[in-house]
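*Asks:* Make the complex out of the two chains shown on their own, each in a separate frame, by following the hints.
Keeping their order, the protein sequence lines are chains A and B.
In this text, residue positions in the first sequence follow UniProt numbering: the first is 1, and each later residue adds one.
In this text, residue positions in the second sequence follow UniProt numbering: the first is 1, and each later residue adds one.
Worth flagging that the hints you see were computed from the coordinates, not collected in a lab.
Check before you lean on any hint, since a few could be wrong.
PhoX-like cross-link-like pairs, simulated, lysine-lysine; straight-line CA separation at most 25 Å [to be verified]:
1. B:Lys81 / A:Lys241
2. A:Lys244 / B:Lys38
3. B:Lys59 / A:Lys244
4. A:Lys463 / A:Lys622
5. A:Lys483 / A:Lys427
6. A:Lys289 / B:Lys16
7. A:Lys241 / B:Lys91
8. A:Lys211 / A:Lys241
9. A:Lys374 / B:Lys59
10. A:Lys530 / A:Lys492
11. A:Lys376 / A:Lys303
12. A:Lys374 / A:Lys209
13. A:Lys291 / B:Lys22
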Amino acid sequence: MTAITLYIFSLKMQAPNVNSHQKAAVAKGVKDEEEGLDTAEGEEWMQGKTLVKPPDQLDLTEAELNEEITRVLKASNPNAPQNVVRYSFKEGCYKPIVFVDQMAIHFELEGNLVHKESDEGRRLMAKQAEVDDGGGVERPDNVAIKAAKREQKLTNQFNFNERASQTLNNTPRDISCQTEPPPRANFSATANQWEIYDFYVEELQRREKSKEKHEGQFLNKEEDKSKKKMIQNDDISQLAKVVKIIERMVNQNIFDDVAQDFMYFEDASDEFRGEKGTLLPLWTFQYDKAKSLSVTALCWNHKYNDLFAVGLGSHEFTQQGGGMLLFYTLKNPSYPEFIFNTASGVMCLDIHEHLSYLVAVGLYDGCVAVYNLKKKTDQPIYNSRASSGKHTSAVMQVKWQKDDLDSNHNFISVSADGRLVSWTLVKHELVFTEIIKLPVIDTIPDDLKDVIPTVGTSLDFHKQKDYSFLVGTEHGKIHKGSKYYSSKFLEKYDAHFMNVTRVKWNPFHPDVFISCGWDWMVKIWDQTMKSPVFTFELKTSVTDVAWAPYSSTVFAAVTTDGKVHVFDLNINKYEALCQQKVVSKKTKLFNIEFNPVHPIIIVGDDRGHVTSLKLSPNLRKKPKVGDALILCIVIEHLNILTLDENVLEPH
Amino acid sequence: MLDIECAGAEVEETIKRIQSQKGVQGIIIVNAEGIPIKSTLDNSSTVQYAGNVHQLLMKARGMVRDIDPQNDLTFLRVRSKKNEIMIAPDKDYFLIVIQNPTE
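This is chain B alone, in the form it adopts within the complex (with noise of 0.2 Å):
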């Protein structure tokens, strides 16, 4: 039972530090529906974001699946020009964390 208290507060402090990183713009939490739960975004730009990926991440998870289902997605990069969003699914959530790499 504290172990999973500890892990909440570990996860926190995590997400704070990532937050602190240079660089870093936004990191969005998402659950299995698709309804952002935590966020350092706007609300309208959380929403996008948490709505494309959903999709974005379901289409790949199902590739990487249907080629091998032993295999499992363990995160996923997408590098734009201004910046890059990396996503990590779970198994219930997802995180998304955008950053500015080159700044």
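Chain A on its own, in the form it takes in the complex (with noise of 0.2 Å):
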């Protein structure tokens, strides 16, 4: 931009009269000429020729008007400061300031020229251009294009107007809510190697659950129903399995002497006594309830082996009431486990060999029950009260027998009315069959053999050959049948004069078997002869007799005075090794059984106790060769030496 300034000039004048004269007249004249030129122009050219002396002008003196004043042009503006003073922050005074700006601005003016090598030269050339080309399209697309190459807009950096406007701000304010936390609870538990365990047990159960549950929807009420109940019932009932272990362990404290003798004592005084053994009483069981009752029957459970079975009746004719059927175990002598309460006495009982829930009863009104022991009710599962075919008497002996062909089970009875009849368990029935009845004595005249039975009294099956079996009768006479025969009996033995109480094959020899009965004497028989092997005379009525389990020649009896009368042949033939009474006097001893395991025997009598007796070593020996042979040395060794004196009638 340019700038145009004007500058005052010094001028040199001559003549100062003149000078000052035309300088008045130049003054004037140009006054003059500036008013003359509006009035008239000649005037003008009139004064350069004529002085005029204003009337104003100063009268000066000649010298004065001689005098030559100097008039100097400089460059300095008058109207700038000459006296500047800054204030010096290092000296910390005033400061008067030299050179002082001497130009002085009489016009400004910007112009709009721009150069075009310029920058914004370029760019408005540029711009120019796309004016140009752009005229003849529409207006959208102009639009377009414009928003297109809108990145080539540039500020004007130096001529920029920041525009900014103030809104109205609200005034803040804090709003906060607060909900309620979520419920918490403090969880702590242990993770154990048998809390994983545990965990994986009860997982599997589940899921075997949900299978039954889908083969079986039926279930699935009922458990709820029942888990219904036990939430209600908050309580004890789960305890049944803890209860019943402390007070087998109270139980066991209290008894403490008697189990320990039960399990390690063995009689020392044994080794002085010669052959002789004793038998130490270990636990009494009873049963209040049972107090008027006498016990009938007795048998150890095969699988639990301290588990045993007691039937409680009545052997008189005149007194006859109810009955019960107890099982006690060893572990808690002071309380049965189990009680069955019977309508009529209870006269034998049998345990399943295999299925040992399984107990089969005989009574005396005649009739025949199962009971399950898995089931928690009283009541047998089968009963022959109603159905056909019961005996129309005293029930004397029960024996269980294989499964059948269907594998249905069943049992064999003898009764006093004289049949031998098998049972079999057939859904929830028992059907019957005859399979044999009891021959009549000759001295009954014939028209009354229909109506006089042949009491039976006992029964045994043969170990091995389980289709051969020995009845015993009222006659004292033994009867050798076969399952496979119904109409005759193989043989028959001339036992006793009395009744025969019981018979039983030899758990080893195949061929031997004892027998008791009321005519004091005890038996012992091999089956191919007629007449006995041994025989030994007891002084009063034998009411049982039994084989040891753990040995061929060891059996012990029982009689009613109440002594317990125990013999090994293979030790002693003619006399017994221990007899001794075990109970108090006037008791009756009915019955006697060995456990098969333990060297125990368990009696029954007549007051419905049962006392537990420990055999002492003596009574224990074992065979050294094997059990049955030894059975047979001896007899072979009798009957060579006395052949005849087994005929001769016992004394």
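*Replies:* Below, the structure is given as structure tokens:
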């Protein structure tokens, strides 16, 4: 931009007077000229020639008029300040500034010429070119193109006005809200190996249950109902098992000495006693409500060797009442494990060899019943009460048989009405099959033969050949029969003069059996021989006899005088090794059984008590040779020596 | 359903029998949380027994199961000079019986 400024130049003048006059005149003249221009131009021309003295002109002397006055033109700005003072912080006082800007700007004008090589020039030229190009196109396109090329638009860096406007700012407020915290509970657990194991076991059970549910959905409802009941009960019914354990523990403490004897006591004095042995009384089992009843049957459980069954009833014809079936365990001598009440006296019982929860019971009124120990009910699962074919008289012995061809369980009973009947458990019924009828003895006249039966009193099946059996009768005869022959007996032995109370096969020797009766005798037979091999007289009625499970030559008998007699044929063929009274006076013993595993025997008496006794070592001698063999040897020996003796009448 | 009701009565009967046995001084039934629900002793003794036994039982059970997870504690006997404390645990309860065996 260019600026035009006028400078004042210094002029030197020659004639002061003239100068002054001229000056004045000139001044005036100029004035006049200026004025004169307006009035008349002729006066100008005239002024150069004549001197006109204005009236207000200064009167100066000639000396003064001749004085030379020098007029100087300076390049300094008369308006610029001459004595500018600035405060100096360094020295702490005001200091005059020597150099003052002398430039006075009279006029300033900004031009709009742009050099074409400069940036802005180029930009403007480009813009100009655009505008020329896009002149003919429609408007929207224009806008679009413009938008596209917007990046080229630049803001004016020197002449940029930032515009801002302030809107109303709302006053900020803090609003907060608090929700209720989620319910929290402290949870802690330990993860042990056994907790993990428990969990897996439960999971497995759950899965099995769900499988079962798929199969039978009826169970669901029942389970739910029972579960509800359990929750309501809060309680102790779950403790049944635990309470049982505690009861046994308490009993163990009370009978601690007895338990110790049972396990460990071996009578050392047996060494000095020669052959004789003793019986050590252990526990006595009694039940309050069975006081008036007499023990009629005993049976050990083969699976659980500490469990035995006691049948209670009455042997007397005149004193018949109710009966009971009790189960005791050696672990709890104070109270029976299972209690069943029966309508009439129990005369005999048998526990199934394999399914030890099935118990067959024969009653005095001729009924047979089967109890299932697994069920909690008091009632037998099978009862021959209503069915036909039941015995008309007391059932004296029952024995389980092997399952028949249809794998139904069955057992055989013998009763006082002289019939041997086989009962089969078919679904919910007892089906009877008559096997054989006991032959009537000759002394009864023919016309009464059908009426008066032969009372069968005892029954035993052979261990190996289980079709072969022995029946003892009231008349003292023993009949050997077979299941396959239903009309006739194979053999008849004249055993005793009176009632045969027990007949039993030897568990080892296949041909030997033992019998006892009210005629004070115990006889051992070989089935091939008509007369007994051994005979023992025991001075009172012998009510029961049993073979020992550990030796083929040991057996024990009980008599009505309360004595237990133990024999070992291997040691002494003529005398008992032990004859011991085990109950108080006037108590009759009715039953004896050896425990299959432990060296103890149980005896039942007529007071309803069962006494357990431990056999002393002398009574438990096991033969060194094979079991059956030893008996054979004994018998052979005896046969050779004393064949005639046995034929004689026993005394 | 009948079975459960019968079981409850049977348990009661068994407990009575235990109580009447020779030398038994007291029976306490404690639930899973350690609170005695039934007792034949006075309150303070009951609470004392229940609290102490609970801890001992947990420890004993833990020990048995730690050694072999398939095993479980059947019962615990603590014999002291004066008497014997028998503890039998169940899944949700446990039973304490205090007996003086030499009486």
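*Asks:* Hint by hint, where does the structure go against what was stated? Just the numbers, ascending.
*Replies:* Numbers 1, 8, 9 - these are the hints that the structure violates, sorted from lowest upward.
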